[in-house]
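Please model the complete structure; the sequences and the hints are all you need to start from.
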Amino acid sequence: MQPIRGRDRLSALRVGLASSWEWDLQRKGVREGLEKPGFEGLRTLQAQRLLSHPPQSLHLVAPVWNGGTRGISGLSRVVAPKGNQKKGRSLLQFLADRFYDVEALRDHLLRKRVSKVHQKNRPFNHINQRYGPYVAGAYFILKQGGAVRFQGREWSRPNQRGHFSLDFLKLQAVPVEAVDASGCAINYQGLDSLLALKELQSLWLQRCPHVDDWCLSRLHPLASSLQELSLAGCPRVSERGLACLHHLWNLRRLDISDLPAVSSPGLTRILVEEMLPSCEVLGADWAQDLKLGPEEQPRDTAGPTPA
Amino acid sequence: MLRRTLLLGLGRGPLGRGLGTHRGGSILDRDGKMSEIKKKIRSILPGGDWNPLYDTSYLPPESSDVVIVGGGVLGLSVAYWLKKLEKPRGAIRVLVVERDHTYSRASTVLSVGGIRQQFSVPENVQLSIFSIDFLRNINEYLAVADDPPLDIQFNPSGYLLLASEKGAAIMENNVKVQRQEGAKVCLMSPEQLRNKFPWINTEGVALASYGMEHEGWFDPWCLLQGLRRKVQSMGVLFCRGEVTRFVSSSNLMKTASGEEVNLKRIHEVHVKIDQSLEYQPVECAIVINAAGAWSGQVAELAGIGKGPPGTLQGTKLPVELRKRYVYLWHCPQGPGLETPFVIDPSGTYFRREGLGHNYLGGCSPTEEEEPDPGNLEVDHDFFQDRVWPPLAQRVPAFETLKVRSAWAGYYDYNTFDQNGVVGPHPLVINMYFATGFSGHGLQQAPAVGRAVAEMVLEGHFQTINLSSFLFSRFYSGEKVQEHNII
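So the protein sequences, as listed, match chains A and B.
With my numbering applied, the first sequence has no gaps in its numbers, which climb one by one up to 312 at the end.
With my numbering applied, the second sequence has no gaps in its numbers, which climb one by one up to 816 at the end.
Be aware that a few hints might be false.
[Stated by the list, open to error] Derived list of chain A stretches under chain B, where covered just means 3 residues or more per stretch with a C-beta under 8 Å from a C-beta of chain B:
#1 98–112
#2 208–221
#3 262–276
[To be verified] Cross-link-like lysine-lysine pairs, in silico, BS3-like; alpha carbons within 27 Å at most:
#4 B/Lys414 <-> A/Lys203
#5 A/Lys92 <-> B/Lys414
#6 A/Lys117 <-> B/Lys414
[To be verified] Anything over 12 Å on all C-beta distances counts as not near chain A; from chain B, calculated:
#7 Arg429
#8 Ile603
#9 Pro648
#10 Glu707
#11 Ala722
#12 Asp747
#13 Ser802
Treat the hints as calculated values from the structure; they're not laboratory data.
Ideal Cβ placement from N, Cα and C applies to all residues, glycine included.
Now the structure itself:
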């Protein structure tokens with residue numbers, strides 16, 4: 006089937022633009038482009054794989070007197086070395102002709118990313134049956150790259166390469182007190198393993214990319230024990246998810262700073278403080294949303310009489 | 331010199347026109363040109379889309395396998411699942427006929443947007459559970475290439491249903507049924523209620539059921555747009571028009587027991603174009619009635635209910651328009667961020683809206699005080715007389731409130747038992763219903779769409795068994811009464 010001309014030119018142009026941006030990032034040594042979630046990340050990832058060399062730039066070449074050109078009209082033709090332009094143009098044309106294949110490849114890459122996250126969040130039922138829920142939860146967190154603290158012991162973390170010692174397997178009856186899942190790819194399904202930890206006191210979910218409002222609504226089984234919760238930097242948590250934290254009546258410390266999806270951080274912090282009266286809420290400064298009027302400009306309070 | 335002029339004339343210079351060039355193309359691309367010429371000839375010949383006299387692109391196609399009457403959330407959900415479950419891909423042509431593309435009177439966009447699992451009928455609970463799963467994974471279901479992901483703004487704050495002494499036993503039964511199906515609901519005594527929500531006045535409340543997870547409210551317009559976008563990308567055709575006539579044929583047949591039945595089959599749907607006298611007859615195999623509050627009128631067009639009363643032929647589709655008001659008010663001392671969707675025993679309900687101490691709410695009028703559904707004008711006296719007193723009694727902070735705005739919308743009210751009608755009509759064998767949900771259609775739309783698509787494609791329900799929601803219950807009199815209707 007012949008692809009539709011206008012659309013594939015646009016898509017090829019996008020691929021070309023993404024690749025040049027990615028090349029700039031690489032040159033500056035910044036790797037954040039690859040961690041961007043969602044479609045942009047996928048596009049850059051795919052662009053990086055497909056166009057592993059930088060795009061050809063156009064050079065102005067000194068006019069070469071070859072036998073074919075005569076007079077002024079000949080000089081106007083030396084815009085770019087034909088070879089380079091043709092290669093760049095034909096690569097875009099190649100991609101544009103295979104529009105549906107490129108789309109299928111992008112779809113496949115997206116599905117692979119999604120299934121990787123699903124795989125990371127699978128439940129470890131056999132460990133749960135054999136060693137109990139605490140060990141299964143601890144194994145889950147350690148496998149994701151987070152840290153666990155059992156009651157009366159120190160923090161266990163995986164090392165640089167992701168390996169961790171398995172000597173917590175004998176701690177079947179020792180409850181897990183604190184979980185540090187910062188930056189882990191934990192999502193709605195993965196919370197199953199965490200919710201079995203009935204004596205969890207401290208849960209850190211800083212900068213988790215897949216924790217969203219739905220996950221927050223699942224935290225209510227931990228209400229009787231959870232005292233500290235940190236959601237700083239989670240890109241998908243909004244004030245709608247924060248509203249269902251009122252189940253956690255034992256909460257003493259809540260960190261809701263730096264949440265980009267919350268529409269008015271100052272007001273949200275005030276409302277959350279009202280909702281959880283016995284909890285210390287660390288969040289945006291409430292005054293940051295206020296705008297001072299012209300007659301309320303800060304002036305020094307030394308003189309009571311107006312200037 | 332001769333050579334130079336020849337070069338200038340025949341070369342690719344700025345003024346020269348080479349051999350064989352014409353506007354924009356070149357003879358070198360012969361294969362591409364030939365296929366374009368062939369396509370053009372094929373479209374000019376009869377059977378193609380090209381009409382040299384005038385533009386007919388606003389008309390629906392002359393034939394379509396499935397015609398869905400009504401483009402609201404239920405109609406689009408049926409279209410989506412038909413396209414998703416069809417085998418092979420692209421096998422069915424689906425046409426959605428919607429007469430108002432601005433959706434100005436559609437129940438979907440005027441609804442309060444709540445979703446709950448607290449129903450008394452188990453099928454309703456199952457439908458809701460699947461729908462909330464659909465909403466949670468909406469970006470996997472409704473992903474369209476290169477479009478931004480959907481954000482339905484779901485507030486997982488839960489529903490709080492209050493029951494008086496009389497209703498406490500029914501509520502306990504309902505909660506048992508809901509828990510069996512997998513809903514996470516907890517029962518609270520008045521004491522616990524006061525501890526959790528100090529702004530509630532628990533006088534007259536004997537029991538409360540609180541949904542902890544998977545309940546709340548969301549933005550129905552976003553769901554509608556997401557479905558529309560996805561369904562268009564899957565190849566469903568849209569038409570802006572109104573269905574005015576069904577052309578059908580009937581067969582007099584004998585059942586096994588010897589009685590005669592008149593089976594009808596719809597062959598054509600006449601779609602009248604908006605603001606015009608022009609209509610287009612669309613040949614179809616299956617018609618799906620998802621016209622919401624106007625489903626009763628569409629069913630009458632198909633001849634459902636035209637017969638001696640008391641027979642199957644004389645059983646009408648009991649779906650009517652009912653007008654409901656929704657009021658938005660501001661109360662600075664009102665309940666805070668933790669406010670769930672509260673439903674009073676008197677039928678009054680309210681929920682929080684946004685962060686600014688604004689609340690949405692209303693009440694369903696009794697049968698006697700049903701407003702006239704001819705227009706969507708709001709009656710503000712209704713708020714003063716029927717909504718505000720129970721609200722102020724239940725939440726004392728609401729004694730001082732200021733109504734900011736109000737609107738009215740229609741319920742596709744099923745006068746028989748306030749539950750949906752799903753599945754084919756026993757006599758008009760190719761008309762399927764997906765309507766009559768009386769105020770909880772939005773929250774069950776994804777699951778109902780899948781059920782109707784399974785019925786159309788396979789002939790029976792596969793995932794959720796909705797046989798108790800078929801049309802034949804209106805004739806046999808078996809009510810599936812839903813108690814928790816607001």
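Verification of the hints:
With 3 residues carrying a beta carbon less than 8 Å from a beta carbon of chain B, the region 98–112 of chain A meets the three-residue requirement, and the given coverage holds. With 3 residues having a beta carbon nearer than 8 Å to a beta carbon of chain B, the region 208–221 of chain A meets the requirement of three or more and the stated coverage holds. Remark: the region 262–276 of chain A is confirmed as covered by chain B, as 5 of its residues place a Cβ nearer than 8 Å to a Cβ of that chain, reaching the required three. For the given pair, B/Lys414 sits about 41 Å from A/Lys203 by alpha-carbon distance, which is inconsistent with the 27 Å threshold.
Note on A/Lys92 and B/Lys414: the hinted pairing is violated, with a Cα-Cα distance of about 41 Å set against a maximum of 27 Å. A threshold of 27 Å between alpha carbons decides the hint, and for A/Lys117 with B/Lys414 the separation of about 21 Å falls inside it, so the pair holds. With a least beta-carbon separation of about 31 Å from chain A, B/Arg429 lies farther than 12 Å from that chain, consistent with its non-interface assignment. Distance check on B/Ile603: its Cβ is at least 28 Å (rounded) from any Cβ of chain A, clearing the 12 Å threshold; non-interface status holds.
Under the 12 Å C-beta cut-off, the non-interface status given to B/Pro648 relative to chain A holds; the minimum distance is some 37 Å. Residue placement check: B/Glu707 keeps its beta carbon more than 12 Å from all beta carbons of chain A (closest about 32 Å). For B/Ala722, the condition that its CB be more than 12 Å from all CB atoms of chain A holds, with the nearest at approximately 22 Å. Its beta-carbon lying about 32 Å from the closest one in chain A, B/Asp747 satisfies the requirement of being farther than 12 Å from that chain.
Chain A leaves B/Ser802 outside its interface by the beta-carbon criterion, the shortest separation being 39 Å against a cut-off of 12 Å.
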